[in-house]
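Participant: So you can see what is in the structure, the chains are spelled out below.
Number of protein chains: 2
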Amino acid sequence: MTKISIITIGDELLIGQVVDTNSAWMAQELNKAGFWVNRRVAIGDDRNDILNALDEEAEGSDIILITGGLGPTADDITKPVLCEYFNTTLVINEEALENVRNIFVKILQRPLIERNLKQAEVPASCQVIQNKRGTAPGMLFEKNGKVFVSMPGVPHEMKGMMTEEIIPWISTRFGKDFISHRTLLTAGVGESTLADHIRDFERSLPPGIKLAYLPNYGMVRLRLTVTGKSATGLESQLEHVFEDLKSRVPEWLVTDEDIALQEVVGKILNARKQTLATAESCTGGYVAHLITSIPGSSRYFRGSVIAYDNDIKKKMLGVDPAILSAYGAVSEETVRAMVSGAVRNLESDYAIATSGIMGPDGGSENKPVGTVWIAAGNAREIITQKLWFRFDRQRNIELTAVNVLNLLRRFILSRPPVGVLRDLIN
Amino acid sequence: MTKISIITIGDELLIGQVVDTNSAWMAQELNKAGFWVNRRVAIGDDRNDILNALDEEAEGSDIILITGGLGPTADDITKPVLCEYFNTTLVINEEALENVRNIFVKILQRPLIERNLKQAEVPASCQVIQNKRGTAPGMLFEKNGKVFVSMPGVPHEMKGMMTEEIIPWISTRFGKDFISHRTLLTAGVGESTLADHIRDFERSLPPGIKLAYLPNYGMVRLRLTVTGKSATGLESQLEHVFEDLKSRVPEWLVTDEDIALQEVVGKILNARKQTLATAESCTGGYVAHLITSIPGSSRYFRGSVIAYDNDIKKKMLGVDPAILSAYGAVSEETVRAMVSGAVRNLESDYAIATSGIMGPDGGSENKPVGTVWIAAGNAREIITQKLWFRFDRQRNIELTAVNVLNLLRRFILSRPPVGVLRDLIN
Chain P
86 MTKISIITIG DELLIGQVVD TNSAWMAQEL NKAGFWVNRR VAIGDDRNDI
136 LNALDEEAEG SDIILITGGL GPTADDITKP VLCEYFNTTL VINEEALENV
186 RNIFVKILQR PLIERNLKQA EVPASCQVIQ NKRGTAPGML FEKNGKVFVS
236 MPGVPHEMKG MMTEEIIPWI STRFGKDFIS HRTLLTAGVG ESTLADHIRD
286 FERSLPPGIK LAYLPNYGMV RLRLTVTGKS ATGLESQLEH VFEDLKSRVP
336 EWLVTDEDIA LQEVVGKILN ARKQTLATAE SCTGGYVAHL ITSIPGSSRY
386 FRGSVIAYDN DIKKKMLGVD PAILSAYGAV SEETVRAMVS GAVRNLESDY
436 AIATSGIMGP DGGSENKPVG TVWIAAGNAR EIITQKLWFR FDRQRNIELT
486 AVNVLNLLRR FILSRPPVGV LRDLIN
Chain R
86 MTKISIITIG DELLIGQVVD TNSAWMAQEL NKAGFWVNRR VAIGDDRNDI
136 LNALDEEAEG SDIILITGGL GPTADDITKP VLCEYFNTTL VINEEALENV
186 RNIFVKILQR PLIERNLKQA EVPASCQVIQ NKRGTAPGML FEKNGKVFVS
236 MPGVPHEMKG MMTEEIIPWI STRFGKDFIS HRTLLTAGVG ESTLADHIRD
286 FERSLPPGIK LAYLPNYGMV RLRLTVTGKS ATGLESQLEH VFEDLKSRVP
336 EWLVTDEDIA LQEVVGKILN ARKQTLATAE SCTGGYVAHL ITSIPGSSRY
386 FRGSVIAYDN DIKKKMLGVD PAILSAYGAV SEETVRAMVS GAVRNLESDY
436 AIATSGIMGP DGGSENKPVG TVWIAAGNAR EIITQKLWFR FDRQRNIELT
486 AVNVLNLLRR FILSRPPVGV LRDLIN
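Listed in order, the protein sequences are those of chains P and R.
The first sequence: position 90 = 175 (the working numbering), numbered continuously.
The second sequence: position 176 = 261 (the working numbering), numbered continuously.
One or more of the hints may lead you astray.
Said to hold, decoys possible - Label-pair ranges, simulated between beta-carbon atoms:
(1) R:Leu498 <-> P:Glu183: 37 to 45 Å
(2) R:Lys217 <-> P:Gly293: 39 to 47 Å
(3) R:Gly448 <-> P:Asp131: 42 to 50 Å
(4) R:Lys400 <-> P:Arg384: 54 to 62 Å
(5) P:Ala411 <-> R:Lys217: 48 to 56 Å
(6) R:His282 <-> P:Ala316: 31 to 39 Å
(7) P:Asp131 <-> R:Lys471: 36 to 44 Å
Hints in this document: simulated from the structure, not taken from any laboratory.
Even for Gly, the Cβ is constructed at its ideal location relative to N, Cα and C.
This is chain P alone, in the form it adopts within the complex (with noise of 0.2 Å):
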């Protein structure tokens, strides 16, 4: 089987001001392609970490795909220590060197400085990839029989060389393997339960399936992935497995795709030709802000008011003072009204609402911090929950928005779609 290995070149990362999204992003590609990443490491700017790691990674990995580091100032090195490393010295690669002249002169228009130049610099021995979406050319060297890939550490830029030409490459000259994974999500049950409810499956699970637990946000993904030599028989056995666990879990299972609960929302309301809005207190826009990050959420989203202040619950959403007043803005009866004012005011089929306590600051004795209402409904009917979380404002935030997508998932499929309804009445 094929080893890779992921250097990530940059101080940023060893002190925690940047999070490394490339690496996951790379894995997941490498994978559709048959491809198994063995180890990530990440490395300060510093040349004896980035030789080492160099010498490390090539002793155990056929393949180092290497990011980071490629900037036009002092403190990107990466470029004179593979130099270094692959004895060769940097040389001007014409063809980079006119799309850093085409980048600056004709798309930035900003004049070309002599620091610019300097991107299109490569070392002699190596294979150049070029950058479609930036300045700094990537580079490809072979090593009694390792190859090494270094890219620039910018998303897009690192992303459009991987897709177009490193996949492809590495796809001709490498062996494959077969590796497919299916995921299913669940709701309700927490990782002991579900290991206890599942373990006859578990234990008879043919030797080249695995399978994994993924808990995050009081949901548990269960993941099934199979390897082997090619797909015959393979695709099929696992999909056999799969449908089995499937079976076993009917009360608790919210999907059986690898897709996001937004996702999965979009994905009923679509079929339902219906409409959402929502309105947000506490998730302060972040709800609205997961179901338009699926690309054609504008087929069945609405749109939302985001009532921070409780002027805008009232003025926006109808809210009504008195409840404000009796009961507090995070209450089950404000959350109620949230609803039903957003099924009016914004003319969708379904909202959802919420309104809590964030933290740090804000808590009461009756309504700690980690206080949270939310609701979904129609204009028919209503259903809510109450929440109890801690002190940690971004987790509150993003268990919240988890919580009211799925309670409106549950309310939409346990009531029969509007079609069928209006048969049953009429």
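Chain P is fixed; fit chain R onto it per the hints.
Facilitator: The following block gives chain R in isolation, referenced to the frame of chain P:
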């Protein structure tokens, strides 16, 4: 200098199903306490890979922090592998058992099953770190002068252990350095031009101070880092050099703190006791989410209308239907009308608006995917900007948000505060 490695364990990290945010947080907190992370390694749930990583990291580092693989299910193999590595066996830890019991019986009110009890098993030779936020205890081992700490991968559980137990413990045992960063954010200038502009500054930097360029979303962060044996002299030297750097980039300077743009805007609004609302089409609530991710934002943030559908633009923001039919939703005229409507209907001092085609579909010849109009203003005046992005939906949403927040910042700062304006008028 004490050297630290972080090892994260879990197949989900290697197939890209989960982005590792733990490592960045750990590195930040360690930095604050005077420790530097030298390497971060991610590996799968594989016995050999775990044993190799422990050996390799112990060779170069003094402290090895490990997260992940401590769950109650069969794919979590970290605990048995640690037993093998440290040549010990699993025993029940009474305090951890009491904690597990407490969580299930009192907090979750779920029956305790056999599998949960296994969470209280720890290798006999370790020092147990109790988990106040979950069931899996942390484990601290010492071997040949090196310290190994294994923690759960659930972020808020790991964070509790690091803050309350592990960082204080290693602070008393290992030599700390003085490490300090100062970061400023610039907008409106490319990395190369900026580097040329401050070339003399960079050349004259004292040896203990390092300059880094961090470009992101068309803005560039400049970070100065000083490292040394003690704070004496270094803190004031860094301060002096940082002031020098600031004085060289006044026209591009956004903030001299290491904070996000939404926090910069929040501070300006707080200082002026003024309020903000957003009227979002293409960003779908993401700008409101960024603003409300800041604790205390309820002091200056009124709320938003997310007008994904044109009906909502008309009804909730009062956008003239004639404007929409004459110029379309993605137009300067529409974002102007959205700002006016938001200031009026959401009763705020300022408002910002976004409308664009985020992709991957929905573009036309005249308005291709990536065409965005943004606006910022108050009841008297509105400024607008057209943006051209490309095909990546998530990136387009993020770029639009950053640009509209910066447009607002420029708008507010270029206008005198209301108090002063009143003085001038009266």
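Participant: Look at each hint and say if it fits the structure.
Facilitator: Now the hints, each set against the structure:
1. Here the CB-CB span from leucine 498 of chain R to glutamate 183 of chain P is close to 40 Å, well matched to the stated 37 to 45 Å.
2. Remark: the range hint 39 to 47 Å for lysine 217 of chain R to glycine 293 of chain P is upheld by a beta-carbon distance near 40 Å.
3. The supplied range of 42 to 50 Å is met by glycine 448 of chain R and aspartate 131 of chain P, whose beta-carbon atoms lie about 44 Å from each other.
4. Between lysine 400 of chain R and arginine 384 of chain P the Cβ separation comes to about 19 Å, which falls outside the hinted range of 54 to 62 Å.
5. A C-beta distance of roughly 37 Å is found between alanine 411 of chain P and lysine 217 of chain R, which places it outside the suggested range of 48 to 56 Å.
6. For histidine 282 of chain R paired with alanine 316 of chain P, a C-beta distance near 56 Å fails the hint of 31 to 39 Å.
7. The hint said 36 to 44 Å for the Cβ distance between aspartate 131 of chain P and lysine 471 of chain R, and at roughly 42 Å that hint holds.
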